[in-house]
Each structure stands twice: as structure tokens, then as C-alpha cells.
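Protein chains: 2
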Amino acid sequence: MRLLAISGSLRRDSYNTQLLRAAGEFASDELEIELYEDLATIPPYDSDEEALGTPAPVADLKRRIKAADVVLIATPEYNSSIPGQLKNALDWVSRPIKESPFRSKPAAVIGASTSAYGGVWAQAELRKVLGVLGARVVEGDVAVPHAAEQFDAEGRLTNAETREQLEQLLDDLVGSATPQPPQFTATATA
Amino acid sequence: MRLLAISGSLRRDSYNTQLLRAAGEFASDELEIELYEDLATIPPYDSDEEALGTPAPVADLKRRIKAADVVLIATPEYNSSIPGQLKNALDWVSRPIKESPFRSKPAAVIGASTSAYGGVWAQAELRKVLGVLGARVVEGDVAVPHAAEQFDAEGRLTNAETREQLEQLLDDLVGSATPQPPQFTATATA
Chain Z
1 MRLLAISGSL RRDSYNTQLL RAAGEFASDE LEIELYEDLA TIPPYDSDEE
51 ALGTPAPVAD LKRRIKAADV VLIATPEYNS SIPGQLKNAL DWVSRPIKES
101 PFRSKPAAVI GASTSAYGGV WAQAELRKVL GVLGARVVEG DVAVPHAAEQ
151 FDAEGRLTNA ETREQLEQLL DDLVGSATPQ PPQFTATATA
Chain S
1001 MRLLAISGSL RRDSYNTQLL RAAGEFASDE LEIELYEDLA TIPPYDSDEE
1051 ALGTPAPVAD LKRRIKAADV VLIATPEYNS SIPGQLKNAL DWVSRPIKES
1101 PFRSKPAAVI GASTSAYGGV WAQAELRKVL GVLGARVVEG DVAVPHAAEQ
1151 FDAEGRLTNA ETREQLEQLL DDLVGSATPQ PPQFTATATA
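Residue numbers (my numbering), protein chains in the order written: chain Z, 1 to 190; chain S, 1001 to 1190.
The set of hints was computed from the structure by calculation and includes no laboratory data.
Among the hints, a few may not be true.
[Said to hold, decoys possible] Label pairs and their calculated CB-CB ranges:
#1 Z:Glu164 / S:Asn1159: 26 to 36 Å
#2 S:Glu1032 / Z:Thr158: 53 to 63 Å
#3 S:Asp1172 / Z:Ser28: 55 to 65 Å
#4 Z:Ser115 / S:Glu1099: 16 to 26 Å
#5 Z:Arg103 / S:Glu1139: 31 to 41 Å
The C-beta atom is built at its ideal place from N, Cα and C for all residues, glycine as well.
Okay, chain Z solo, but in the shape it has when bound (with noise of 0.2 Å):
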């Protein structure tokens, strides 16, 4: 089992992306997450460029993507909303949209912020965005404020209630990847 952990923040010590590290803890043995850290590679968005063909880092992205059986992203809040850098790549992944690699991917979006709120605002309009990219969006809010004082020197979340919301996302996101098997309900017979 993959997941593709993807952080919105280009900071060397984003607390997003610290914030996706500390996830690790609650994976089981069988989950291997991956971190991409190419976000600032990926070209502005222009039809006329994917026109020429889809450049080398919006392939590799698109290729990481499809190959991972969950996503889970963790986002800043900029302005009240996405990272435009963020968007910018998920606007690159959704063309063309009938080859969408987020199609019926399940994906989760957590994100901690240094304000009082923990970004929800973005995250909301993130899953928005991932919903219209085919994603089978994970409910479930981990919204982290007051990021500078969250993690411990080993990188663990220290709040009890974060951990465990955290913890139940994971769990949500990794089974909602497992073929279910179909549910037999009683039917009326006229």
C-alpha cells in the first residue's frame, strides 16, 4: 500500500511537511509513504505550453500520483485560501480531466497553520478541487493551529486530540483504498 504525501508549502521547514512526517508514525508496517518534494518545479499552467506536450515534472507528478493508492496532502492557508503553487500543479494534473490520475483515488487533505484557525478555509476549498479532479475525498478534518508549538523535537504531534483525529484520518484514508466487499441488503419483493 503507497501514499503519496504531498505538502503545499515550499518552506525547508514547513510545518506541513512536518506535519505529513509525523503522520508516519500512525502508518502500519504495510503502508510506505512517499513525500514529493518537487512542488516548485512545476510550470504556470498555460494551454498553449501543454499544447507543446506536458512537461517532465507535471509527468513525473501525474505518474507518482496515479501509482499511489491514497493521497494525503497537507496545506498552508495563504490568503484565506490554496497556495496558488499547490493549485497551480493540481490545475497541471487535471488535464486533460478524463485522465485525471486523482479519478477515484482516495485522498485526504490535513493542514496546520501558526494562526488560530489551522487553515481550514484552504483545506475546504482543496477538497472542493480534488472532488472535481475524481478524487474520492476522505472527510475528516486535522486542521493544526498554532503550528510552531505542535511537535515535539522528535517531530510528534504533542497535542492528544490532534494525534488521534490524525491517527482515525489515516485509518479512514488506507481503508477507503481496500476493495470493499459488496453490501448485501434486504430488497422488498412486491
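Given chain Z's structure and the hints, the job is docking chain S onto it.
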């Protein structure tokens, strides 16, 4: 009176850029419209990069917003939200927020789309973001659906209702930049 026009699309024959040009038809002689054409040169926002100094293309955009009396943004809608590269430019421009060149700047949002809805979600999200940046966002929708069929050979809008809406919005935008005389209202005296 100077209006800075920003298109959210990088495509050479962008309908949104066409829409901004079409707006020129309704501008008064005193209004100088400047089209921003360097959106593709804005690098991905990264606060580590910001700490090293403002990149030249970002400084240029900030200067041009500051020098304008009003700003008009025409945006396409990508995946039900703001195009990533446009949002990325605004993320840069917003830093530091206390020096936002949008502070108290009248701004309006319009958009064209090849879809049936005209990109109203992207526009709504963009108005929210501009509000966060301190802009005085002028309300009023000019959402042009089926954009491929909405311009004549001279680049003018053909739909009478759309023409009226755009003219009205430009009036409101320019009017909101003009210092208003104080409004005196009768006050009850005890």
C-alpha cells in the same frame, strides 16, 4: 485615472485577456488602461525565498498595483477555483500583509469561460481573497459563459446584457476610486 488590468490566463488568445481589452470600449477618455502581461514570470511563492528579498517580477507587480487607481482582474475558472498561477501572484503580493498594495484599492473581478456558468466560483473565491488583501472589492458580476461565441471580429462583446453589466461595473469601479464628498444626513438631536 489608471486602471491595471490583470488576466488570470496565460494563454495567448485567452478569452479573459480579450474580455479586458473589450472593457476598453466602455472606458472614459480619462481612464488609462494598462494590461499586465507578466504573470508567467512570477516564481512559486516560498517564504524562504521571500526572506532573501522580493523577486524582481514580484516587486514590479506590487509597484504597478500601487500606482494604479483601480484594479480589474479577469479570471478563468480552473477546477472550480482560482487559477493557481494567479493565486500564486497574489500570495506574493500579499507579503508582508501590512504593505499589501491592494490596501483600500478599489478592485473588481470579471471572467470568461467556455463552460455554461462563466466561472462564477473562481470569481467568488477571488473576491474573497482580494478582500483579505485589503482591497475595496466592487460587487457586480460579469461572468461570460460560452466565451468562444461572445466576441465579434473586432473583439467587442456581442451580448447586450453582458455589455451593460461590464459598462456598469466599470462605472462602479472608477466611481469608487473618486473621492466622495462626505454624506450629511439628518441626525436626531436629543
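Each hint, compared with the structure:
Distance hint for Glu164 (chain Z) and Asn1159 (chain S): a CB-CB separation of about 54 Å, inconsistent with the stated range 26 to 36 Å. Under the hint 53 to 63 Å, the C-beta atoms of Glu1032 (chain S) and Thr158 (chain Z), about 56 Å apart, fit the expected range. Under the hint 55 to 65 Å, the C-beta atoms of Asp1172 (chain S) and Ser28 (chain Z), about 57 Å apart, fit the expected range. Between Ser115 (chain Z) and Glu1099 (chain S) the beta carbons are some 19 Å apart, a value that agrees with the proposed interval 16 to 26 Å.
At roughly 37 Å, the beta-carbon separation of Arg103 (chain Z) and Glu1139 (chain S) lies within the given 31 to 41 Å, and the hint holds.
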